[in-house]
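A.B. asks: Residue numbers (this note's numbering): 1 to 215.
Check before you lean on any hint, since a few could be wrong.
Said to hold, decoys possible - Think about it this way: if two alpha-carbon atoms lie no more than 25 Å apart in a straight line, the pair counts; the simulated SDA-like pairs of lysine to any residue are:
1) Lys61 - Glu47
2) Lys61 - Val43
3) Lys65 - Ser13
4) Lys65 - Leu10
5) Lys57 - Gln73
6) Lys65 - Asn35
7) Lys61 - Ser13
8) Lys57 - His41
9) Lys65 - Lys156
10) Lys57 - Gly37
11) Lys65 - Glu167
12) Lys65 - Leu116
13) Lys48 - Ser13
14) Lys48 - Pro76
No lab work stands behind these hints: they were computed from the structure.
This structure is a prediction, so every number in the text was calculated from the model and none was measured.
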Amino acid sequence: MSFSTPTLQLKISEVAQRLRLLTQINLQPHWQVINPGESDHPVEINEKEHIPWAAGKQVLKLRQKIIVPRELQGYPLIGLTLRLVLSWWAQDAQIYINNQFVQAGDLFDSYTRILLSSSVQPGDEFEIELSLISPGHDRGALVNSCCWYELSDSSKIDPSFLADELEILGIFLASENHQPDLETDLTSLGKILDIISGYILPKVPRTRGVWGDKI
């Protein structure tokens, strides 16, 4: 079976997405809005998968409890490192873990990867709270939030790292400078992707968000 470059690019994208489902969880849909004197309520997410709120230095407070599962899509998580990955568009951002202040940011410092645990166990719990202030001239947004499990053992292949490397290969295949010398090179790569896809990875669930919604 032969593989064209466009076919391989689509295959790479599919396999990379499924690899990330093994170690990454999209947290965006699971935040609760904190309103003093009122019950918490779910956030509203726009078409960009952002959580927006009004301009004019308005405050948005969010919270969420993260409970570590035993596995993701059949991939065991015991002993992995866990990081909270966040990005925002806010004049001020304050992050609290288990009621302890851990980090602040702003419009120019708008991304973080916070270590939650160097070795997780099923049932570990983390209470996350965010206090965000929108810019005076623009609406604010929590752009991205996810849990990211990582292998600390460098002798093993991390699924998310492999996904990144595959996507770099996809960019190379799409470049104008790429001129494959032999059709067998593409065929061999296609067969490798088929093996990863068919024998290692779970099927992509029909959930919104790049990382799925299961927590």
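A.B. asks: A separate judgement is required for each hint: does it hold in the structure or not?
C.D. replies: Taking the hints in turn, this is what the structure says about them:
| no. | hint | verdict |
| --- | --- | --- |
| 1 | Lys61 - Glu47 | 21 Å, holds |
| 2 | Lys61 - Val43 | 10 Å, holds |
| 3 | Lys65 - Ser13 | 31 Å, violated |
| 4 | Lys65 - Leu10 | 35 Å, violated |
| 5 | Lys57 - Gln73 | 40 Å, violated |
| 6 | Lys65 - Asn35 | 17 Å, holds |
| 7 | Lys61 - Ser13 | 35 Å, violated |
| 8 | Lys57 - His41 | 21 Å, holds |
| 9 | Lys65 - Lys156 | 30 Å, violated |
| 10 | Lys57 - Gly37 | 21 Å, holds |
| 11 | Lys65 - Glu167 | 32 Å, violated |
| 12 | Lys65 - Leu116 | 12 Å, holds |
| 13 | Lys48 - Ser13 | 19 Å, holds |
| 14 | Lys48 - Pro76 | 31 Å, violated |
The structure is inconsistent with the numbered hints 3, 4, 5, 7, 9, 11, 14, although it conforms to all the rest.
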